[in-house]
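Chain order of the listed sequences is A and B. Sequential numbering of the first sequence, starting at 1, is according to this note's numbering. Sequential numbering of the second sequence, starting at 1, is according to this note's numbering.
Worth flagging that the hints you see were computed from the coordinates, not collected in a lab. Take these hints with a grain of salt, some might be off.
[Stated by the list, open to error] BS3-like, lysine-lysine: derived pairs with alpha carbons at most 25 angstroms apart:
#1 K10(A) / K78(A)
#2 K267(B) / K124(A)
#3 K135(A) / K118(A)
#4 K147(A) / K121(A)
#5 K267(B) / K118(A)
#6 K135(A) / K147(A)
#7 K135(A) / K124(A)
#8 K267(B) / K78(A)
#9 K318(A) / K299(A)
#10 K172(A) / K121(A)
#11 K135(A) / K199(A)
#12 K121(A) / K267(B)
#13 K7(A) / K78(A)
#14 K147(A) / K267(B)
#15 K172(A) / K7(A)
Owing to the predicted nature of the structure, the values given are computational and were not obtained by experimental measurement.
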Amino acid sequence: MNLLEIKNLKMDFGKGADALRAVDDVSFTIGAGETVCLVGESGCGKTVTALSIARLVPTPPANYVGGEILLNGQDTLKMSARELQQIRGGVVSYVFQDPGASLNPVFRIGNQIKESLKLHKPEKANDAEVIRLLKLVGIPAPESRIKNYPFEMSGGMQQRVMIAMALASEPKLLVADEPTTALDVTIQAQILDLLSELKQRLGMAILLITHNLGIVGDMADRVAVMYAGQIVELSPARELLRRPLHPYTRALMNSVPKLRGDADRLSAIPGNVPRIGNFPPGCRFAPRCPMAKPECSEKIPDLAGVEAGRWVRCPFWK
Amino acid sequence: METAAPISIAEPKLALSPWQLFRQRLWRRKIAMLGGGILIFLYLVALFAGFVAPYGYNHLDTDNSFHQPIWPRLSGFHLVVPRYESAPGDFVYREVPNDTRPLHVFIRGDQYKLFGLIPSSIHLFGTGDQNYPVLPFGGDQFGRDIFSRLLYGSQISLSIGVIGILLSFTFGMIIGGISGYFSGATDTVIMRLCELIMSIPALYLIISLRATFPPGMSSSQIYAMIVIILSCIGWAGMARVIRGMTLSLREQQFILAARALGQSHLKIIVRHILPNTLSYVIVAATLSVPYYILGEVVLSFLGVGIQEPQASWGNMLTAAEDVQYLQNYPWLLAPSAAIFVTVLAFNFLGDGLRDAADTKSL
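Bound conformation, chain A alone:
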């Protein structure tokens, strides 16, 4: 059994005629100890999909219209508020993009980590455990650091504290939503190294949201590429990077600047991601697709298995 199994998840913002489909028929799985990357441009539904796992998107305005999110075999969409509180932090923990904004500015970091322990491991809510966690995430002199306020730390340190908080309850799944976007490149590398090391040591699965394909190559076992609320390609990371199948994935890879080569301009995908509620008929990428055919605009293509472990939402992938 997979740790996480999302099946045909459909989520709207708003109700009735005004409903805007933000997540449309998304399905993917994460096995225990596996790292899955969710890739795509801004506004394509990555974050709401990830937040939906612990049902953190407020309802309303969000409205789940279909599908299941099976975490350890239990559907989080059917859980009571009390069960959800157990799941949040207990089975699935989150690390967000901007560590400076994710920590409460008026509490010492030691107390914030302790709060996480109190919720899920009350018997271990003591300074010794907090120091052990801070050591685990590589914070030097943790004994004195527990008395620090968040603003007394650098961004990288803050993100380590966030990771320590997320790990306090020893979750099965860590959702990292662009954990390095707010950090500079060297710190980014350190944080990613830390995540892979912790994953090895603690055997947890990671769902990593990013739009940096370089990170995908370093971290991911499998990759789900999202576009306009749909998954367009699902594939083992290595194969995807070596040979992307969907035109959107190819376009994304072409947009990565290359060190060698003599191009004057960066190549970019023409046009913008269609606005939610204003999706084109048929294939949503068709208007920007270099290989679009007239029939592309007629029917939404299915996510079809094409090779072992690879699915593509484009009939013309060959």
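Keeping the supplied structure of chain A fixed, place chain B upon it in accordance with the hints.
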């Protein structure tokens, strides 16, 4: 060979914590420090009122009705208190020459209970002789020492502000936090209720509420009633501001992070949202204490508050209602000076706290 010049190592300059910065900025505001100093003094005196006051609050001596202030004066190396005499039925007192008694410290006098617990009869100063009273602020219509009554009154007038603020701000913060955090229908209901309460003229509400209570209430019951009534009206304004702050705070990422950790709604409000409003709340609380002090004064002045013979600044002023009294015995206004100083001190301190808590100021 030249030796390298010794490198002087400067003491590492540590960055100041926000608390240190706050204290530094507050220290620089002398008027605020003055206000704070006055308040510390007043509250200390109120705490030890029984000891500092030369007489009990109900020490009647009709020989001294409307007596002018009597201050000890220096004679040789002693402080002495002169004796005054008046014609019977007349309130004009004349000093009797060469008839004085020395002023003593730690002298036995009226019984009182320190902090309401420890019985004692030792007073800070006095003559120990009925016929040689010390009346620093004069006597009232029953010949009671206004100074002593002022001190006993300060116990009520000063504590009512603090307790009132504690009650109304606790309610205001929790209700405002709930309103802002849950928004939607909860918010609408709570905010309309706040507006309803704020639209009622407070004074009339208090007076009509007072009318619903039985007349023969003890002073402590009346005290509790005043605090509760004032807090019932006072929380609404606080709740509205806290609700506004909560609306912006709840969109912060650390609230999402707390939810992602499985924190309950109530805990998020109490542990994460409200502490972030504290810098505002502390300043607002300091600036709102005078509202409660004045509220008690108005109620007692109108006769629906603290009842005689208990002293409060408000009911002491009732004696000063009469213009004739005011003309002839202006020392009856001493409580109003005390109110003036207290309210001003709170406002000075509150302004200073606000400036010091404002990180954009120097």
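Hint check results:
no.: 1; hint: K10(A) / K78(A); verdict: 14 angstroms, holds
no.: 2; hint: K267(B) / K124(A); verdict: 20 angstroms, holds
no.: 3; hint: K135(A) / K118(A); verdict: 19 angstroms, holds
no.: 4; hint: K147(A) / K121(A); verdict: 21 angstroms, holds
no.: 5; hint: K267(B) / K118(A); verdict: 12 angstroms, holds
no.: 6; hint: K135(A) / K147(A); verdict: 15 angstroms, holds
no.: 7; hint: K135(A) / K124(A); verdict: 16 angstroms, holds
no.: 8; hint: K267(B) / K78(A); verdict: 24 angstroms, holds
no.: 9; hint: K318(A) / K299(A); verdict: 19 angstroms, holds
no.: 10; hint: K172(A) / K121(A); verdict: 14 angstroms, holds
no.: 11; hint: K135(A) / K199(A); verdict: 16 angstroms, holds
no.: 12; hint: K121(A) / K267(B); verdict: 17 angstroms, holds
no.: 13; hint: K7(A) / K78(A); verdict: 14 angstroms, holds
no.: 14; hint: K147(A) / K267(B); verdict: 22 angstroms, holds
no.: 15; hint: K172(A) / K7(A); verdict: 19 angstroms, holds
Violation of the numbered hints given earlier is absent; every hint is satisfied by the structure.
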